[in-house]
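Protein sequences appear in the order of chains D and E. Under the numbering used here, the first residue of the first sequence is numbered 1, with each subsequent residue one higher. Under the numbering used here, the first residue of the second sequence is numbered 1, with each subsequent residue one higher.
Note that these hints are calculated values from the structure, not bench results. Be aware that one or more of the hints could be misleading.
What the hints assert, rightly or not - Capping the alpha-carbon separation at 30 Å, the derived lysine-lysine pairs in DSS-like fashion look like this:
1) E:Lys33 - E:Lys234
2) D:Lys311 - E:Lys141
3) E:Lys114 - E:Lys173
4) D:Lys311 - E:Lys259
5) E:Lys408 - E:Lys137
6) D:Lys6 - E:Lys10
7) E:Lys173 - D:Lys312
8) D:Lys312 - E:Lys365
9) E:Lys173 - E:Lys292
10) E:Lys10 - E:Lys138
11) E:Lys397 - D:Lys311
12) D:Lys311 - E:Lys10
13) D:Lys19 - E:Lys259
14) E:Lys141 - E:Lys253
Claimed, not checked - Where chain D lies over chain E, by a calculated footprint (3+ residues, C-beta under 8 Å):
15) 58-65
16) 122-136
17) 179-191
18) 250-258
19) 293-300
20) 346-352
21) 385-394
Stated by the list, open to error - Estimated spans, in silico, between C-beta atoms of each pair:
22) D:Leu282 - E:Glu378: 26 to 36 Å
23) E:Gln373 - D:Ile302: 22 to 32 Å
24) D:Pro122 - E:Asn231: 24 to 34 Å
25) D:Tyr11 - E:Glu332: 26 to 36 Å
A virtual CB, placed ideally from N, CA and C, is assigned to each residue, including glycine.
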Amino acid sequence: MSQRVKLTVSYPPFVHYGKGIADNSYNTIIAASIPTLYGFFIYGLMSVGVVLLAISSAILWEALFCLIAKRENTVKDGNAFLIGLFLSMLLPATAPYWLVITGTFIAIVIGKEIYGGLGSNPFNPVALSYAILFVAWKDFLNFDIMLSNFSFSFNYLNPLIAVKNFGTSALNDFSLLDMFLGNHTGGIGSSSAILLIISGIYLIVRGHIRWEISLSFILGIVLTAFIFNQVAPDKYASATFNLFSGYTLIAAFFLATENTTSPVNFVAMLIYGFLGGVLTILIRNIGIYVDGSIFAILLINILTPILDRIKKVNN
Amino acid sequence: MFKKPFVNLKNPVFEYSKLLDESEDKKFSFLPKKVFLNADCISDNLALNVGMEVTTGQKIHPFTDEEYYLTSSVSGNITSILKMEGLNNSFSYQIEITTKEDVFDTEFMEYQNKPSLEAVQNFLMNIPDLDDFEPFKKDGKKINTIVVKAVDDDLLNTKNQYLFLKNSAETVKAIDILKKITGINRVKLLLSQSVYDKQTNFGLAIYTSNKYPNYSDYLITKDVLKIDIENGKKPVDYGVSFISIEALLNLKKAFDEGKVPVQKLVMYADEYQSKRFLNVRVGMPVEDIFNKLRIILKDSAQIVFNGFVNGFCAPYIDFPINKNISSLYMIEADKISNNSNYACMNCGDCIRICPAHISCNILVKLLEAGEYQRAENEFHLFSCFECGLCALVCPAKIPILQHINLAKTILTQKGE
Chain D
1 MSQRVKLTVS
11 YPPFVHYGKG
21 IADNSYNTII
31 AASIPTLYGF
41 FIYGLMSVGV
51 VLLAISSAIL
61 WEALFCLIAK
71 RENTVKDGNA
81 FLIGLFLSML
91 LPATAPYWLV
101 ITGTFIAIVI
111 GKEIYGGLGS
121 NPFNPVALSY
131 AILFVAWKDF
141 LNFDIMLSNF
151 SFSFNYLNPL
161 IAVKNFGTSA
171 LNDFSLLDMF
181 LGNHTGGIGS
191 SSAILLIISG
201 IYLIVRGHIR
211 WEISLSFILG
221 IVLTAFIFNQ
231 VAPDKYASAT
241 FNLFSGYTLI
251 AAFFLATENT
261 TSPVNFVAML
271 IYGFLGGVLT
281 ILIRNIGIYV
291 DGSIFAILLI
301 NILTPILDRI
311 KKVNN
Chain E
1 MFKKPFVNLK
11 NPVFEYSKLL
21 DESEDKKFSF
31 LPKKVFLNAD
41 CISDNLALNV
51 GMEVTTGQKI
61 HPFTDEEYYL
71 TSSVSGNITS
81 ILKMEGLNNS
91 FSYQIEITTK
101 EDVFDTEFME
111 YQNKPSLEAV
121 QNFLMNIPDL
131 DDFEPFKKDG
141 KKINTIVVKA
151 VDDDLLNTKN
161 QYLFLKNSAE
171 TVKAIDILKK
181 ITGINRVKLL
191 LSQSVYDKQT
201 NFGLAIYTSN
211 KYPNYSDYLI
221 TKDVLKIDIE
231 NGKKPVDYGV
241 SFISIEALLN
251 LKKAFDEGKV
261 PVQKLVMYAD
271 EYQSKRFLNV
281 RVGMPVEDIF
291 NKLRIILKDS
301 AQIVFNGFVN
311 GFCAPYIDFP
321 INKNISSLYM
331 IEADKISNNS
341 NYACMNCGDC
351 IRICPAHISC
361 NILVKLLEAG
371 EYQRAENEFH
381 LFSCFECGLC
391 ALVCPAKIPI
401 LQHINLAKTI
411 LTQKGE
């Protein structure tokens with residue numbers, strides 16, 4: 001009797017639409033690298049070092065954790081790369097190496113892997129890591145201190161810090177066009193508003209992030225900042241200034257839209273994004289911190305499981 | 001198979017295949033060397049023994065104390081009887097019949113041209129493609145509408161469309177027979193839109209667009225017949241029953257010829273999606289079909305029945321083509337869609353595509369943790385009508401449909 005052919009048995013579907021997790025990560029990496037390249041242009045080789053160190057250490061932490069936890073190595077899905085890149089986009093170009101490595105450790109291990117890896121994290125790993133770094137080593141993330149040895153063709157003061165300390169009178173030194181184009185100090189990948197908007201639109205068009213969240217986040221920022229500005233124009237900056245400064249746009253397009261920690265139903269996404277925008281401005285204007293986006297994102301992340309229950313029911 | 005567009009602003013839309021040309025209708029006139037019949041294990045008192053002789057179309061009672069019967073699709077001797085374990089602790093007997101020359105059973109001859117419900121219940125409950133049809137059951141629910149489906153259940157399949165195009169005149173006569181047998185006068189013929197536009201002379205025809213899963217029983221009831229279905233109920237609870245066009249035509253053929261139909265039409269599509277329609281005996285091993293088609297089966301290939309989205313695959317190569325198999329595909333080992341170990345990452349693709357508006361993302365987390373009752377109480381588990389779109393688009397490749405099926409089975413078993 002001839003050798004019988006053995007068949008593969010699996011469950012349906014036997015074909016797949018073709019969208020995968022890696023696909024999502026790599027497209028986001030492409031989009032995020034556009035504003036990062038602009039950061040290289042402003043800050044030079046030093047920023048390249050920070051970004052590369054962040055990416056490589058994030059990948060190494062993930063590989064190491066998977067090895068220790070005896071889990072399948074998930075580096076190839078690109079998520080660790082992405083987390084490293086995102087974190088470095090928030091950091092100043094002169095961030096010391098230990099800060100970067102500690103940051104990626106917090107993001108990968110404490111922010112993601114100990115909960116069970118991608119899909120199980122309650123907070124955005126990047127936002128969590130930045131928040132811990134910020135609380136622990138505040139001065140290393142202060143752009144005015146960290147970037148003081150650079151010479152720029154534009155105002156070397158960070159716009160948000162200036163407004164926080166001196167009120168809107170300090171705004172005369174900044175032109176909105178410059179801020180829109182990215183000619184102000186900030187994180188490596190977070191200064192150029194136009195490039196962040198372009199990469200955000202790319203991700204929305206490709207279907208990798210959900211436009212509802214980004215749009216309602218921006219709407220929340222604009223509306224709340226507008227109200228504050230109308231009430232006390234000498235103390236609180238305008239809506240456009242708030243939109244183009246700090247981490248607003250990077251939060252709206254890259255951090256708030258992280259799949260795992262954001263809701264998926266239409267109304268829930270609108271509430272989630274809008275609340276994020278409102279909280280950002282509240283923390284900026286009333287709180288003690290200069291930029292509220294990161295903390296706002298952590299706060300709205302907590303709401304996701306509850307918000308996800310708001311949905312249209314059949315029948 | 002699918003081409004992902006560059007711009008992804010809308011949900012992907014999957015469409016049922018349209019029958020473009022009437023492809024080669026390859027008749028299988030040869031007799032398989034052996035066929036396998038499956039008997040549900042509803043009793044322990046087996047009435048069959050090895051060596052017993054059967055004729056084509058003969059009624060076989062597998063158990064001494066049950067009315068349940070099988071229909072032999074060939075003439076020959078029973079050569080082995082095996083008890084096999086299936087899904088969810090169910091057992092069945094697999095009866096192997098080694099074939100001899102075809103001799104047709106004459107018991108059904110007396111019903112030729114005399115259609116009646118009694119004849120159907122006594123002889124025709126196993127005709128190809130007849131599945132769970134309520135009006136034919138002895139203690140069935142009350143039905144007021146019958147929908148004849150001349151459309152197919154899965155994306156690539158075009159068998160029923162093909163059958164309708166070849167037999168559109170016969171279909172009208174067959175529907176008359178069905179009306180006479182069941183006494184139900186509200187019989188609708190469901191066509192795909194493209195066929196409907198061409199066939200204007202069918203007064204009883206209804207149609208729906210060919211967007212998957214519009215041809216599922218639930219959506220036909222809801223969108224075409226305009227009956228709202230509550231969570232956990234089925235179309236049959238609202239007096240709607242479905243029969244495929246193949247079963248209907250077989251019914252007519254049986255009463256026309258006085259013979260119980262034993263052949264079924266199966267569509268085979270290769271990787272280039274060129275289609276062939278084959279007439280095969282019920283119970284014929286799938287291996288024989290491949291041999292006949294001169295397709296070489298290699299190790300670790302996958303044989304898929306009834307479609308890529310919601311079908312199942314053959315566990316071994318002489319798996320029999322049973323009466324409900326309508327299509328056949330082979331996937332080579334290197335093209336099998338891989339599974340993954342990822343957890344749900346809450347992207348929401350499943351939710352946006354779900355025609356029943358179920359929170360698949362929360363549901364799948366609850367079901368993975370075994371919280372079946374909570375899934376039903378809070379997240380409408382039984383609203384799912386198992387179209388399989390969620391798993392088709394899931395980037396993490398989670399078997400969402402299998403989780404839901406398992407939960408439904410466990411909850412139903414608990415409830416009984």
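Practice task
Can you take a look at whether the region 58-65 of chain E is actually covered by chain D? Rule is 3+ residues, C-beta closer than 8 Å.
Solution key: violated (count 0)
Exercise for the section: Using the Cβ atoms, figure out if Pro122 (chain D) sits within 24 to 34 Å of Asn231 (chain E). Expected result: Cβ of Pro122 (chain D) to Cβ of Asn231 (chain E): about 30 Å, so the range 24 to 34 Å holds.
Exercise for the section: Mind taking a look at whether chain D covers the region 346-352 of chain E? Criterion is 3 or more residues with CB to CB distance under 8 Å. Expected result: holds (count 6)
Problem - Restraint status (C-alpha distance of Lys173 (chain E) to Lys292 (chain E) at most 30 Å) - result: Violated. Lys173 (chain E) to Lys292 (chain E) sits at ~34 Å, over the 30 Å cutoff.
Handout entry: Restraint status (C-alpha distance of Lys397 (chain E) to Lys311 (chain D) at most 30 Å)
Key = Within the cut-off at roughly 24 Å; holds.
Handout entry: Hinted pair Lys6 (chain D) and Lys10 (chain E), Cα distance within 30 Å
Key = Given pair Lys6 (chain D), Lys10 (chain E) is violated - Cα atoms ~41 Å apart, limit 30 Å.
Handout entry: Stated coverage of the region 122-136 of chain E by chain D [criterion: 3+ residues, CB within 8 Å]
Key = Per the Cβ count (0), the hint is violated.
Problem - Distance restraint between Lys311 (chain D) and Lys259 (chain E), which requires alpha-carbon spacing of 30 Å or less - result: 55 Å, violated
Practice task
Could you tell me whether the CB distance from Leu282 (chain D) to Glu378 (chain E) stays inside 26 to 36 Å?
Solution key: At 33 Å between Cβs, range holds.
Problem - Three-residue Cβ test at 8 Å for the coverage of the region 385-394 of chain E by chain D - result: The restraint on the region 385-394 of chain E holds, since 4 of its residues have a Cβ under 8 Å from chain D and three suffice.
Problem - Proximity test - 8 Å, beta-carbon atoms, the region 250-258 of chain E to chain D, at least three hits - result: The restraint on the region 250-258 of chain E is violated, since only 0 of its residues have a Cβ under 8 Å from chain D and three are required.
Exercise for the section: Could you grab the alpha-carbon distance between Lys173 (chain E) and Lys312 (chain D) and see if it respects the 30 Å cut-off? Expected result: With a Cα-Cα distance of about 45 Å, the restraint between Lys173 (chain E) and Lys312 (chain D) is violated, given a limit of 30 Å.
In the structure shown, a violation is registered for the earlier hints numbered 1, 2, 4, 6, 7, 9, 10, 13, 15, 16, 17, 18, 25, in ascending order.
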